[in-house]
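There are 2 protein chains.
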Amino acid sequence: MSATALATDLYQLTMMAGYFKAGRHQSTRATFELFVRRLPLRRSFLVVAGIEQALSFLETLRFDASDVAWLARQPQLANVPPAFFDYLREVRFSGEVWAVGEGTPVFANEPILRVTAPITEAQLVETALLAIVNFQTSVASKAARVVLAANGRPVMEFGARRAHGLDAALFAARAAYLAGCSGTSLVEAGQRWSIPLSGTMAHSWVMSAVNEIAAFQEYGTLFGEHSVLLLDTYDTIAAAHAIVDHRLRPAAVRLDSGDLQALSREVRAVLNRGGLSATQIVASGDLDEHEIARLLAARAPIDSFGVGTSVVTSIDAPALGGVYKLVEVTEEGRMRLVMKTSTGKATWPGRKQIWRVMENARAVRDVVALHDEPPIEGARALLERVMADGARTSRPLPLAAVRASCLDRVAELPPDLRRIDLDARYDVQPSPGVTAAIRSYRSTRTSPIITP
Amino acid sequence: MSATALATDLYQLTMMAGYFKAGRHQSTRATFELFVRRLPLRRSFLVVAGIEQALSFLETLRFDASDVAWLARQPQLANVPPAFFDYLREVRFSGEVWAVGEGTPVFANEPILRVTAPITEAQLVETALLAIVNFQTSVASKAARVVLAANGRPVMEFGARRAHGLDAALFAARAAYLAGCSGTSLVEAGQRWSIPLSGTMAHSWVMSAVNEIAAFQEYGTLFGEHSVLLLDTYDTIAAAHAIVDHRLRPAAVRLDSGDLQALSREVRAVLNRGGLSATQIVASGDLDEHEIARLLAARAPIDSFGVGTSVVTSIDAPALGGVYKLVEVTEEGRMRLVMKTSTGKATWPGRKQIWRVMENARAVRDVVALHDEPPIEGARALLERVMADGARTSRPLPLAAVRASCLDRVAELPPDLRRIDLDARYDVQPSPGVTAAIRSYRSTRTSPIITP
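These protein sequence lines are chains A and B, in that order. Under the working numbering, the very last position in the first sequence is 452; numbers go up by exactly one each time. Under the working numbering, the very last position in the second sequence is 452; numbers go up by exactly one each time.
These aren't lab readings, by the way, just hints derived from the structure by calculation. Since we're looking at a predicted model, the values are computed, not measured. One or more of the hints may lead you astray.
Note: identical chains are not told apart, hence a pair may lie in one copy or across any two.
Capping the alpha-carbon separation at 20 Å, the derived lysine to aspartate or glutamate pairs in EDC-like fashion look like this [unchecked claim]:
(1) Lys21 with Glu332
(2) Lys345 with Glu384
(3) Lys21 with Glu384
(4) Lys345 with Asp286
(5) Lys21 with Glu291
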C-alpha cells in the first residue's frame, strides 16, 4: 500500500497551511486518537484490522513535486505563503504511533490508534487512517460473527465481486481471514498474504459445456481431489443423481440457490446412497451469520460455507463511524488536554491507554486511562508503540499468526458477547484520571493547561 | 486503474485451465452480460458508473511472469498442462465490449456491459468487472437520489474517511460527482478528474487554537472568501454570535451536529441581524436524501449540503447484486444461446441491446431485445460498442460532460421514479425475440442451437 499524499481531504491541507503560517509545524505537537463513538447495531465488539496498511501509508507518505505544483495552482490555496509548498515537498511523517494489535476485540471509546506528531503531519493523515482502519475493522468485525456462527465449520470468503472495487476486495479478503475465515477465492490476496485459496466452478462452466455431466467430467479429470462441482445450474437433485450415476468422485459439491436446508439433506442422501459419503457439501448464496446459524440449528448436513457480500461489505453495518480526534496539544513545552463538547459528540481528553482486566483467563472489563496513569494490576495494556520517529518499531506478524491470536482473543470475551443474536454490552470505564480531566475541562470551560 | 490479473477469483483460473486443455481458448467465443437481477429496495433506477475503469482494466490486463510462476506452484493447479502457464504469460484481453454510457439510468435485467471474447479471456475478467461496476454504480445511484432531494442546492461529497479504503474513496468521489454532486473534499479525486474541491475546517483546528474566535480569525486571514467556519465544536449559537461580534465575514458557516433545522434558523437570524446575510449555511453530519428532504420541506435556511457516509457506501444498499452471466457461445461456427434456469436466478439468453422508448422527450419504457432484432422506432439504443479487439474505440468523455448528461437523462425519467419516497417501477419488457428464445430453451430443456 503506497498511496499518494493527495489521498486526503482538502481541509487537511488548508488547516496545515494555517498551522504552517503560524509556525506551529515546528512549535506544536498534537496527539490524535482514532476510535469509535458507539458500536454499530448488531456488533457486540469490533475486531481491529488495517493497522498494517495504515503504518505503510505513514511510512511512505510524501508529495510528488508535480502534485505540489498542482496544489499551488488551486484557488483555495491562493493566499497561502509560497514557503508552505516548499514545506510540502519535503514533508514526511515523523511521528510516534501506538496501536491495538490487529485481531484484538475492542469497544466504543477505546483508542485503536494514537498518533503524536507535529500538528501539520498528524492532521494531514487523518483521512487515510480513517478510511483504512474503518473499512478493514468493519469487515473483520463482521467476519468474526460469521465465524462464530459457523461454530468450527470452515468459512471461505468469496466476495470480491461485491466489494467496493478491487482494492476493497483485496483488503476485505485480508480482514476476513485475520478474523477467522479459512480462506479466500481472491488470488491476489492469496499471493500477498499466503491466505489459503479456494475455488469451485461457476455456472458458466456448466452452461458452456455440451451438457452438465460433460462439464463435471472434464473438471474432475483436471482437478481430481480439488473438484467442487456446482449443482444448481439447472436442477440440483438431478445433478446429484448424475454424479452418482456417472461414478464421479468429487471432493465436494456446492449448493448456491434454493432451500439450502432441504436441498442439503436430499443431496446428502443421494450421495450417501451412491457411496459418496466422503463427498462434502459446501453451501453458498447470500449467506450471513444468521442464515448459517439457522441452517446449523436445523442440522442441515453442510460441511463448510462460502460467504461473500455480507462479509466484504459488512452489509448490515457498512460504514464504521470511526473518528480521529485531537486529545492533546503540546505547544512550546506546555501541554493541554483538549476535548470536544458538541452535542452527542463529546470526546475524552488526553493521550490514553486501554487496560483489559482479566479474571480466570476471561476479559471482564476495560478501563481507558490516561497514558501515564499507573498500570492496573492483572490487566493487559492493549496499545503498543508501533512507530517511532516515523519508522516502524517491529516487523509485521504473518497474517496466520494474527488470525490465531484473534481467535484466542475473541474466545476470551464473555459468552454473551460471542452470541450473534444478542446486542450484549461490555463494561468500558474511564479511569479516575480521565474522569478528572473531563470534569476539570467542563468546569473551567477552557482547556486545562498542564505543565509536564 | 491498472490492477494485476491476479485480481480474480481462483475458479476463473481453474475454469480457464479447463477451457485451455480442451482447446476452447481457440475454438470458442463467449458472450457474457453484466446486469442486475432486481433493483435494491429504495432504488427506482440505477445510474451506470465505472465503465471507464472497467475498460482500463481490460486494456492493461496481463500476468507478470513472476505471478505466473507463483500460480504454477499452487496445489490447486498441479494437474494443469504446463502449456497453460505459457498461455497465461501471453494472454491479453482481445475481445469486443458494448456498454451503456456512464451516467445513464438503467433497470433490472438490462445489460450494462457486454463482453464477447475467447471464452478464457471473457471468464478471467468477471471478478474485476463486477467489483468495479457494482461499486461505482451503487454509489452513483445513491448520489442521484441525494441530488434529487437537494432540489438544486449544491451537494458536496465529503465521505472519504468512511469509504471502503482509499481506492474506494477515490472512485466513490468520481461516481458521486458524475451523478450530480457538485464537488468533493478528496484532493486526489479533484486532481484526477477536475472535480471541484471543497473544504471547510475540522474541529481539531478550533480545539488546537487558544480559543474558538482566534481559530476563526486566523483562518479568515488566510482563506478570506473561501472561509467556511465550523460552528459546533463547543456551542453553535455562541459561535455564531462571536463571528458577528468580532466582525468576521466568512463565506459560509457549517453546522455539523445537533438539530439542524432549529440551529440553521437561529444561526441565520444571528447572522442576518449582524449584517451577514450573504454568509451561507452549509449543513453536514450523517445526512442522506431523506434527511435533506425533511430539512428542505421544513424550509430550513440551508444553502448547501455536505454528505459523506450515506453516499460513499450507498449505506442502505451497500452491495449491488450485479452478475455476469454467459448468454451466448459460438463454438466452431455454431452459435448457441444459453441461459441459467436455477430457482430465482434464471437469466435471459442471447446477446442483447436495450431500447429506451421516448415519448415527448420522456422515457416511457425499455425493451430488451436480441442484438440483431430490428431497431424499435422512436427508441434510443443504450448499448454502444466501446472496445474492439481489446482496444477502446473512443476516448473517455470529460467527467463534467458525463455529469451533465446524467442530469439530463435522470430528468427524462417519469416523475414517480424521481421521487425518493416511492419505490416506483419502470416498465422493462423482453422483446419477442428474447421471449421466443426463452420459450425454445425451456421447451427443449437443452440449449437451442442456432447456426448463424
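| query | So which hints don't hold here, by number, going up? | reply | Checked against the structure, the hints that fail are numbers 2, 3, 5, while the rest are satisfied.
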